[in-house]
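J.: Residue strings, one per chain:
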Amino acid sequence: MNLPEPYRLLIFLAGTLAFVGFHAAYLVWVERKGAGRFQRRPGPTEAGYAGLLQPIADALKLLSKQVIVPPTSDAVLFRAAPMMVMAPALMCLAVIPFGETLVARKVNFGLVMVFAFGSINVMAIMLSGWASRNKYAIISAARIVSQNVAYEIPMLLVAITLLMMMGTMDLQEIVRKQAGWFWNWNLFQLAANPLMPVTFLIFYICMLAETNRAPFDMAEAESELVAGAFTEYAGMGFGVFFMAEYANVVVGCSLATILFLGGWQSPIGWLPGPWWFLAKMYFLIFCVVWVRWTFPRTQFYGLLNLSWKILIPVSLFTLVLTSVMLKLF
Amino acid sequence: MTLPLPDLAAEFAACLHTAVPPAASPPENPSANGARTGAGAAPANSGAIREVEFSAKGFHLDVTVGIDGVVSAAEFLDRKGFALDAITGVDWIGEQEMEVVYDFFHPAAPWRVVARTRIPRATPVVSSIAKVFPGANWHEREAHDFFGIVFSGHPQLEPLLLPEDATYHPLKKDFQP
Amino acid sequence: MKVPLRDLGRGLWSLLSGMRVTLGQFFKPTVTVHYPHQALKMPPRFRGHIELVRDPETGKAICYACKLCERACPSDCITVEGVKLEGDKKKSVTEYRLDFTKCSLCGACVEACKSNAIRFSHEYNLAGRSKEQFIMDLFKRLEAEGK
Amino acid sequence: MNPPPLFDQPTPYLTISAFLLATGVFGLLRRPTLIGMLIAGELIFSAASLNLMTFNRFFAPDPAVGQVFVLFIMGLAAAEVAIALSIIIAVYRNYRSIKTTDLADLNG
Amino acid sequence: MNSSSAAPFLLTLVFSVAVLTAMGGALIAVLSHRIIRSVCGLALCCLGLAGLYYFLRSPFLALMEILIYIGAVCVTIVFAVMLAEPDEPVPRAHRVGSLVWASVLAVAGVLLFWGLTRLTAQAPVTVPASRASDGSVAAIGLALLTTYGMAFEMISLVLLVAILGALAVARPGRHKP
Amino acid sequence: MVSQEPTCSSDLSQVVRFAKLDELLALGRANSLWPLTFGLACCAIEMMAAGASRFDISRFGAEVFRPSPRQADVMIVAGTINKKMAPAVKTLYDQMLEPKWVIAMGNCAISGGPFVFPGQYAVIEGVDKLFPVDVFIPGCPPRPEALIEGILELEEKLTGKRRWPRVKPE
Amino acid sequence: MFTLNLGPQHPATHGVLRVKMTMDGEYIRRAEPVPGYIHRMHEKMGENRTWAQYLPNTSRVDYLSAMHYTHAYVGVVERALGLKPPPRAEYIRVITSELNRISSHLVWLGAFLLDLGGFTPLLYAFDDREKILDLLEGITGARLTYCYYRFGGLCNDVDDTFVRGAQEFVAYMRPRLSMYQTLVTDNIILQKRLVGIGLITSEQCRKYGATGPVIRGSGVAYDVRRVEPYSVYPELDFDIPVFPEGDSMARYRVRMEEMAQSLRIIEQALARLPDGPVMAANVPRVLKLPAGDYCYAVEAARGRFMVRIVSDGGEVPYRVKLRTPSFSNLSLFEETSRGLLLPDAIALLGSLDLVIPDVDR
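Residue numbers (my numbering), protein chains in the order written: chain R, 1 to 329; chain L, 330 to 506; chain E, 507 to 653; chain P, 654 to 761; chain X, 762 to 938; chain V, 939 to 1108; chain H, 1109 to 1469.
A hint or two may mislead.
Said to hold, decoys possible - Simulated crosslink set (DSS-like; lysine-lysine; CA at most 30 Å straight-line):
#, chain 1, residue 1, chain 2, residue 2
1, V, K1095, V, K1106
2, V, K1095, E, K573
3, E, K646, E, K566
4, H, K1315, E, K620
5, E, K646, V, K1021
6, V, K1021, L, K501
Said to hold, decoys possible - For each label pair, taking beta carbons as the anchor points, the in silico distance ranges come out as:
#, chain 1, residue 1, chain 2, residue 2, range
7, P, N747, L, E340, 34 to 44 Å
8, H, D1347, E, L522, 28 to 38 Å
9, R, F329, X, L781, 48 to 58 Å
10, R, L10, P, T664, 53 to 63 Å
Said to hold, decoys possible - If you want a taste of the chain H side facing chain R, the calculated C-beta under 8 Å gives, among others:
#, residue
11, M1109
12, L1112
13, E1134
14, V1142
15, D1294
16, L1298
17, G1304
18, D1345
19, I1348
20, P1349
21, P1352
22, G1447
23, L1449
24, L1450
25, D1452
Because the hints were derived from the structure by calculation, they are not lab data.
Note that the Cβ used here is the ideal one computed from N, Cα and C, for glycine as well.
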């Protein structure tokens, strides 16, 4: 690729956009089909072959819905929130390497970048709740903030653990260091940290919580808060939140793949490539769906207790353990 | 802990007779005062306890209490560990009277007690037992909804099942929508 | 320290076994009846709206407008009209109006009918754009079916 | 040789920094509520950080020093916000208001 | 950032967007009546600042700006807003006096600040643009742990005290109803 | 055919008619009818049963029960509406955004059903007294198949043609 | 402090209950249920219809346990007339009642888990429920509002398919119950949400007249089937599950255990099912009840359901009073929900297993 940097960037941004759009739409389909299978029913079947046109029908419908801004709401923020919510996911995906060369923008600090832009997401969802001026939405907004603050900490601690092992914040470099057979993946680096699977679990749980997925979907808690922060949103405004949730899941699962499962590296030592990356990512996404359709929702204080009383101490412990192990060996 | 039924009946009778003031003495409840002037006061005050065949009627004790005996009857049954089943009214339009029926069951013993009192239809006022059985709160509101029975001393006698602004009492026999 | 750890392990195990259950269901076949393509067979006693029974000999409705069903119906949804034709012993039905939108499918009419002139249909998937179409004249229906 | 592009000159950065300071001071004086003042204070912090970073970029020989100081400022700002907000909430609990004018009895 | 291969025009465009975002955000932050909007303004301003840091050859700082200011500071402020100010402050009539004072002070501040910086900037640009660091994290880390080790520790101490202080101040109000 | 759609974004369609686009939109809407989680009485259980595995209205893309009226497209009025509830139902209908549809499920929603008698004081005799109803499903309660049939009927109303076979009960 | 109006349309209220909540953040200061949004005049209709015409109404008060309600109404009329249904009818009544109890509890399980945010158990529960509905539809012709019992017996007899189907169902359901145990009951998230939440003491139950799984979850073994035995329950061997904790988990466990007990009852009743008619011979054609008042209580899925009728000797009831369990159980909510968090209150509301038309009638 000899294109000048800005054009290359633009092309890759367009690619990222398409990637996000496709995934956001078809993960909804996967979710609905998967939920169906878990519940022994087929899920959408009638729109297109195996319901493949279902996301398109939904998008058409959402686009053609009437657009309103509730009179009681804060109109500017109400409109701004859906725009804000998609951007961070896009920015994060721009630095995620899907293959050796398949990355929109090489950044030395990819890891920090993902976390930095991930934190904007909170602002966006929270603003949507606040701007709606609906009691359920405001309760939900307050929940989102405390939940995300609580789970960002163990997530960052886990990231720091990996940072210490890897010695770089470059996501590509992190993947390259995991080349070879699957025991080179960070998940199995038991010599550096015997608790590595636990660390991975913490990361995964935090990822679920940060993306507001069940069993941590406090924000949308249907049976309690109607539709949470999105109660007043309709049409595409709501559709964007719907999509952003899945975009964030994609980001989270990609990051988990890179940090723990060796990114695009093949588990059998040869044929590395983006397909391996996607396969691993899809497996993690499947687990997200699986978890969602298995468990009831956690209680709010249970969620905070889990973070502050279990995840943070354990991740701190793994951090210390890793540093000791690294010093010893 | 369970008392045999005849003993319960006897004790209940004793309790009611001591609790119910003699007919001549002025009633304690000022709001019931007007209610009692119309109907004959003497029968309304005397308690009557009947043991009935359960398989034929569905309850064991049929207690008729005077208009002022409702609270003391409820207190007695509360002491004996009864629970409130329901409170309802029956509109005896022919006799121009309203019957208030209190059903009690016992959570541990196989007893059912029905207490009833008759109040004049024109001024249907009876004391509330919501202080004795908090569960009576809703039952009394419901009876107020349906029959317009006023439970004096009730904390919140507003329509429960009917719309908030309802002023009609649909289960009265002369109700016209 | 030991007890919290054990609790933690037990909790994790409960989550994993829950996931095992759902995964087991994931691979089982679906139980869905694909309704417009397939359909369940209604049991013989299924209570749809009522319909008039044709007398197999005469090919006419058995009903002779005795109005027992009309009287038995708790929701007043049946109106039966009949005339006594010349030469017949009994009346014969000319109009059997069923306001299905008020019916509670209790079956009082069928039980009240002494001559088995009405029965439950198996119409289980009615839907329409106006409610008038469910106020039906069963007699006309029977006639139309005969043709 | 062309003059370096706008973003390679210190002047725009310094100007923005001054602008941020101005808005910060303005907000600090104008805002009726404690939280509003806190936000204005954050702007002033940002102005200082930007200035530091600019000088580091264009005039300082050590590439790390400016960044280190900005990091320090960020850390302090975070700490300050945490403390300030907890005080504000405590004040709110006692006075049911966070307007500066309502808190006059703090004057003694 | 390799400015030689990139179109300077495009970069200048991005730069001006960053500048406008920062300035606009700052204006929103101080001028809007609703506090939640001023927090958004602050966030916007920080986003612009992050862009400026990027142009100042320190992408690391840019990201930290986003992470700390938007992800932590703004979110905390919003949270406090939710806790402490459920009602919007009523936009009140501006007091002209304070407005004048504020403007005068602001202008004075600008002049002073700008003058000082101009004076400093009179000095020649000591580090050629091309030789400036690319924001190497290693350098920052080294500096933090060697030269500025003491300051680093102090900051950690301050943060610790801040956490404890925040807990201590906010704790007593917690109670279950 | 296009003019049959009263609910299509009216201001635009009066000026220009994008027939093809309208058809496409109708197809999209018909395949993505999100109902409002709004059960009143017995029929609500059958509505839940229609969403459950045996009948599975998700096949038609209609399993996304939205609890917020803003996000729902079709209101399935499943049960009796009484005078105390009527204002709330009306509010819910008003809160739904265009285009919106109403399915009256069960006899109570169609006409008050078995709860209508001379001298009744509580029941609204048919939800069509409150707002327009698109599809009626009689029964007490209707079977889940009838609800699916109602959704198909609504789709037919939207797109103008029926894509599915009709089931004739034997 | 603000007021939150939960309902009348809210996913957690299972119908159209409104709860006026005064909240302090997410803590509930006061939660006052406002019923009446689906008041359907059942008691008024009793005074407008003949004794027989009132039968379909009983299936619609609590549509989830229609059999029990019809049982109570049929029972009270039989008591007034002195009718005795033949033993086969009584056994079939017990079998269908218990099947109905399981199906009602399955709906509760699904809806409760839905309140707690778990969706899949709802569909599994409905899947199992469909099997019961198939059985009951086969004999009654309806899925929900059965209207199957008649004064003095049943409207029609069961056949071998039903008996075999019921036996198969019992065999099928036992492993399913242990599946629910693994999937739901043991789940740590569910335990954390239910254990110790929404405490109800036995004294509160008594004061409010709460019955059914609510009182049994508070440690009182009150079950109408034992205390005021009706039908052929005295001949059958079953336990009354009691859990003394009084929290939402106890009520949950009571219902789960009750399903197992119902299976036991069905098994025994099927084994003993006698031959014979299903309708008493001496049922008068036109019913005129002797004047007086009569009560009949049954253990419905939600607790004690009592019908009190007052007859003036005519063809039409003078007064029909339905004492419904949900009404009393819900009246408890205001006191027990005080100080709870919103999601806990919703768990409590779900654990009370309300059917709103049962409250409003």
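J.: None of the hints should be skipped; say for each whether it holds.
T.: Going down the list of hints, with the structure as the test:
no. : hint                           : result
1   : K1095(V) - K1106(V)            : holds, 20 Å
2   : K1095(V) - K573(E)             : violated, 39 Å
3   : K646(E) - K566(E)              : holds, 12 Å
4   : K1315(H) - K620(E)             : violated, 51 Å
5   : K646(E) - K1021(V)             : violated, 36 Å
6   : K1021(V) - K501(L)             : holds, 19 Å
7   : N747(P) - E340(L): 34 to 44 Å  : violated, 58 Å
8   : D1347(H) - L522(E): 28 to 38 Å : holds, 32 Å
9   : F329(R) - L781(X): 48 to 58 Å  : holds, 52 Å
10  : L10(R) - T664(P): 53 to 63 Å   : violated, 30 Å
11  : M1109                          : violated, 12 Å
12  : L1112                          : holds, 5 Å
13  : E1134                          : holds, 6 Å
14  : V1142                          : violated, 17 Å
15  : D1294                          : violated, 12 Å
16  : L1298                          : holds, 5 Å
17  : G1304                          : violated, 11 Å
18  : D1345                          : violated, 35 Å
19  : I1348                          : violated, 28 Å
20  : P1349                          : violated, 22 Å
21  : P1352                          : violated, 23 Å
22  : G1447                          : violated, 14 Å
23  : L1449                          : holds, 7 Å
24  : L1450                          : holds, 6 Å
25  : D1452                          : holds, 7 Å
Checked against the numbered hints given earlier, the structure breaks hints 2, 4, 5, 7, 10, 11, 14, 15, 17, 18, 19, 20, 21 and 22 and satisfies all the rest.
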